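K.L.:
Residue strings, one per chain:
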Amino acid sequence: MEVKVLGPGCAKCKTAYNVVEKVIKENNLDVVLTKVDDIMEMMSYNILSTPAIVVDSEVKIKGRVPSENEIKELLGL
Amino acid sequence: MIQPFADWLVYSIFGIDAATPLGVAVNFFVYDTIKIIILLFCISFVMGIINAYFPIERLRQYLTTHKLYGLDYFMAALFGGITPFCSCSSVPLFIGFVKGGIPLGVTLTFLIASPLVSEVAIAMFLGSFGVKATLIYVISGTVLSMIAGYILGRMRLEPYLSDWVKNAQMQSNAQSERWEVEKTPFLKRLPTITKESWGIVRGVLLYIIIGIGIGAAMHGYVPEGFFEQYLSSENWWGVPLAVVLAVPMYANPASVVPVIEVFVAKGIPLGTAIAFMMAIIGLSIPEATMLKKVMTWRLIGIFFGVVTLLIIISGYLFNWIL
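As given, the protein sequences belong to chains A and B, one line each in that order.
For the first sequence, numbering that gives the first Met the number 0 gives the first residue as 0, with consecutive numbering after it.
For the second sequence, numbering that gives the first Met the number 0 gives the first residue as 0, with consecutive numbering after it.
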């Protein structure tokens, strides 16, 4: 599974990244996590607000910091 | 209800004398902090509900598919105000709008209104200056964004967008947008909205405390009418000076408003204060650098110039009518 956190680097985007990272680590998941801070790449997902979470090239969450439970659900836990 | 609580806490429990500057300062601090936290939570909550039903994607969809004859400026200003954004969303938003074929002027209106009218600014204004000043602030912020966007739109500035935005604009596919409505029932959304509102309060809590702390200290110790000698409404340069000083700066509205409240209480005209506030939260150097990704310096200069000028004009206007 591949997860991308899109965000140019504001506080909210970092928090979002940390939440996802924490869930992955705590559950020893086999997930490739990447941080996308390039605007061009971000725009290819057609989002309007950041942070956004992309799971297997599908935008799942946009414009807000997700909770740990939401991420767990997205990752099939 | 909050005032008696603050009085009781400060004078009876802390045992500070109400007649001393310290008593005045601490009482102001306790009262304002509680009041503003409650207000901010309520306003964020209402905006959260609106946003759950009218997300920004829906606005874009609407603007790209309807001919609105000017009403689109109003919609952009209104939604810019009620949609909470992390400041760094402005670039993706800008590109998303331009890509969707929304006119540059309308996009800029949104970009101006978004920081200018925000839930934090409204809560702080309501708590510090009351309903009348808040209405003036919100209405003028909305109108100013519309006028600025309209003027900028008429200036034919598209050539000054950065190259890759122009490319994106060219490929504008009128967005055969796959925007799907989330079909979550209202009651199930409430916990999320509540949590997000609380998140907004928590996010600015520190700024509120710092701002009110400084405000409280000044409230207790700066003599009445102290600033009047420098920035009274008779000095014609008061407004431009306040605005020009404020443009490069950025501060969270949560910190600025309590300080401005004291400025006003000690003799600065409200119009000058509102203009100062708008310039602080509406324009800043960090914002300019962010916009560099989508605009040339020339366009950023024109953009800042027009908005600054309009803020100065509205400052004069408020001093004159208030």
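Calculated directly from the structure, the hints in this document are not laboratory data.
A quick note: this is a predicted structure, and the numbers were derived from the prediction, not measured.
In this text, a Cβ means the ideal position worked out from N, Cα and C, and glycines have one as well.
Among the hints, erroneous ones may be present.
Claimed, not checked - No more than 27 Å apart at the CA atoms, straight line, and that leaves these computed lysine-lysine pairs for DSS-like:
id, chain 1, residue 1, chain 2, residue 2
1, B, K265, A, K13
2, A, K71, B, K187
3, A, K13, A, K24
4, A, K13, A, K71
5, A, K34, B, K292
6, A, K21, A, K34
7, A, K34, B, K291
Said to hold, decoys possible - To spell it out: a stretch of chain A is covered by chain B in this simulated footprint if at least three of its residues, at any positions, have a beta carbon under 8 Å from a beta carbon of chain B; those stretches are:
id, region
8, 25-35
9, 45-56
10, 63-74
Said to hold, decoys possible - Estimated spans, in silico, between C-beta atoms of each pair:
id, chain 1, residue 1, chain 2, residue 2, range
11, A, E25, B, V130, 19 to 27 Å
12, A, N17, B, P285, 21 to 29 Å
13, A, L76, B, G304, 31 to 39 Å
14, B, K165, A, T33, 22 to 30 Å
15, B, R201, A, V58, 21 to 29 Å
16, A, L28, B, K187, 23 to 31 Å
17, B, K187, A, K24, 42 to 50 Å
K.L.:
All the hints need checking, so say for each whether the structure fits it.
P.N.:
Status of the hints after comparison with the structure:
no.	hint	result
1	B:K265 with A:K13	violated, 41 Å
2	A:K71 with B:K187	holds, 18 Å
3	A:K13 with A:K24	holds, 16 Å
4	A:K13 with A:K71	holds, 18 Å
5	A:K34 with B:K292	holds, 19 Å
6	A:K21 with A:K34	holds, 14 Å
7	A:K34 with B:K291	holds, 22 Å
8	25-35	violated (count 0)
9	45-56	holds (count 6)
10	63-74	holds (count 3)
11	A:E25 with B:V130: 19 to 27 Å	violated, 48 Å
12	A:N17 with B:P285: 21 to 29 Å	holds, 22 Å
13	A:L76 with B:G304: 31 to 39 Å	violated, 52 Å
14	B:K165 with A:T33: 22 to 30 Å	holds, 28 Å
15	B:R201 with A:V58: 21 to 29 Å	holds, 26 Å
16	A:L28 with B:K187: 23 to 31 Å	holds, 27 Å
17	B:K187 with A:K24: 42 to 50 Å	violated, 29 Å
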